[in-house]
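On the provided structure of chain A, position chain B as indicated by the hints.
Number of protein chains: 2
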Amino acid sequence: MTQTIFDRIAILGVGLLGSSLAQAVRAYGGAKDIHLFDADKEARSIAGRLLDGRVFDSAADAVENADAVFLCVPVGALGLLTRDISSSLAHGAILTDVGSVKQKASEDMAEACPDHVHLIPGHPIAGTEKSGPTAGFADLFKEAWHILTPLPSGEPGYAAAVERLVAFWEGLGARVEQMAPDRHDRVLAITSHLPHLIAYNIVSTAYDMESVEDGEVVKYSAGGFRDFTRIASSDPTMWRDVFLTNRDAVLETLGRFSEDLAALQRAIRWGDGDALFREFTRARGIRQAVIEAPDDVRDLRLELLGLEL
Amino acid sequence: MTQTIFDRIAILGVGLLGSSLAQAVRAYGGAKDIHLFDADKEARSIAGRLLDGRVFDSAADAVENADAVFLCVPVGALGLLTRDISSSLAHGAILTDVGSVKQKASEDMAEACPDHVHLIPGHPIAGTEKSGPTAGFADLFKEAWHILTPLPSGEPGYAAAVERLVAFWEGLGARVEQMAPDRHDRVLAITSHLPHLIAYNIVSTAYDMESVEDGEVVKYSAGGFRDFTRIASSDPTMWRDVFLTNRDAVLETLGRFSEDLAALQRAIRWGDGDALFREFTRARGIRQAVIEAPDDVRDLRLELLGLEL
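Quick note, the sequences are listed as chains A and B, same order. Under this note's numbering, read the first sequence as residues 521 to 829, first letter to last. Under this note's numbering, read the second sequence as residues 521 to 829, first letter to last.
Hints listed in this document are in silico derivations from the structure and should not be mistaken for laboratory results. Be careful, since some hints might not be right.
As the list claims (entries may be wrong) - Which bits of chain B does chain A cover? Going by a derived footprint, with three or more residues having C-beta under 8 Å, they are:
hint	region
1	556-569
2	622-636
3	740-746
4	756-762
5	789-803
Don't be surprised by glycine CBs; every beta carbon is placed ideally from N, CA and C.
Chain A extracted, bound-state conformation (with noise of 0.2 Å):
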């Protein structure tokens, strides 16, 4: 049991990344008083019975003399919900949030957010592909990167603010980094959000050859496809907003991404097998780093850029 942090917080937003939020904190500490809300009357319903925490039925309500207040919403919604709730925010409050994308959710949460608030964006590299309250497990942030993207702020008490919060998530198990929003969204492009296009797209194409090949495609897709249906079934309304928010970064990933493809393609089509192989043979390498991170990962990118071939 980690020490109490905050005495209390308010998660607003009760799906995956929210429940297993109450319930990391609940398992290993960090907020005395739990207080719980999410538009869906349902989810709140669940959340009730599911969760160890008060929940209520407005927004703003819930946060009331609340330390700190975690948004645990798809990034297009995090804009209206702090201004929901930027009245009720208490003097010297940590406000926070768990977006796949950083750079619009800070100018969107920053729009609203009064300045006896301490705004400090984060993301949790966190989650599986199920999504709703249930799917929540206390777990879910241990071992797992959690990255601050904090503002340039001078307001007095603002670094100790962060501070808090990176002890709070440390608690839950996470190791947590601090880096530029833009950064941030760079990377999660290509580690994250390209990976998830490409997937959806996959299964949306085999799904149009499903009713030519007679329903063989499902049937035989222990081949490699099943993989990818798996990170295609993550929620759809998350992973939308991803993509509306990210678009530079995204399309310039995805630009790189077709290109190397038309090159691969090039070499299929004109029999080049050396090609082929150097390309495998290099995509294999990195596979070793992936594996073998987070243990050391500088040393071991220092490796995987010697292997150039």
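Structure of chain B alone, referenced to chain A:
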């Protein structure tokens, strides 16, 4: 323990598939004697220590008096290997393979296969991203589909030979299906070949960005990217051969994939959230079908088509 179907089998190539086959036969039966061969000296030496069979230094010697010969090598090597053993194959023996592309495999093997041998090409929809003799295990084929693509042969005894081979694979736990080789190649292009190509490609794109982003691509790989690196760590030689020998079906499928991706790209660029949401929801539907397969694939397919949005 299943009944003994063959007195002696020869397994040529002791990588993941060949090594698993040898172990499966020892665990579940199907043959009394196992003869083993691999072109690679080190693989032969490992096979000698690891597998319960007699290891030969020449493929031709290994197949002598074998009732069934299993070619467990990359598709591109099938023709040459068949030529190497053709004069040593016993009258009435079965010659089969485990190659991922069946049209080209059938043609290459048929060209060198003597008339007195029953050629029955095959492909187990089973595997892992690991390769080499030490990666094999006895249960690889359990509950997995095994596709046979018998020739349109009028030879006496051919139908009986197919039945024996079906019984052999079923004895190892596989579920056997028969289909035409071109259909196999079209179905596998979308369920296996394209997913691997895409995984190799995204890992390659990430590799090039890795140096730009200073190690952070590997560090934050849990966001989705890690799943792709697993697929992309499969054997480069095997996959080079797949793309060289199933060129037309892969290019056709890749063309569809790229069109669909262009549509998603356009939706992102123009902020068409409705289109993104619709596609992501559709992709989620196919996941359900895949999870529930294969208990009653046909019914699921009907449900799936009912999901049309």
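| query | Can the region 789-803 of chain B be counted as covered by chain A under the rule of three residues or more with Cβ-Cβ separation shorter than 8 Å? | reply | Per the Cβ count (10), the hint holds.
| query | With a cut-off of 8 Å between beta carbons, are at least three residues of the region 556-569 of chain B near chain A? | reply | Per the Cβ count (0), the hint is violated.
| request: Would you check chain A against the region 740-746 of chain B, counting CB to CB pairs closer than 8 Å, and say if three or more residues qualify? | output: holds (count 7)
| Within 8 Å of chain A's CB atoms, at least three CB atoms from the region 756-762 of chain B: coverage verdict | Held - the region 756-762 of chain B has 5 residues with a Cβ nearer than 8 Å to chain A, which meets the minimum of three.
| Within 8 Å of chain A (C-beta), three or more residues of the region 622-636 of chain B | violated (count 0)
The structure shown violates the earlier hints numbered 1, 2.
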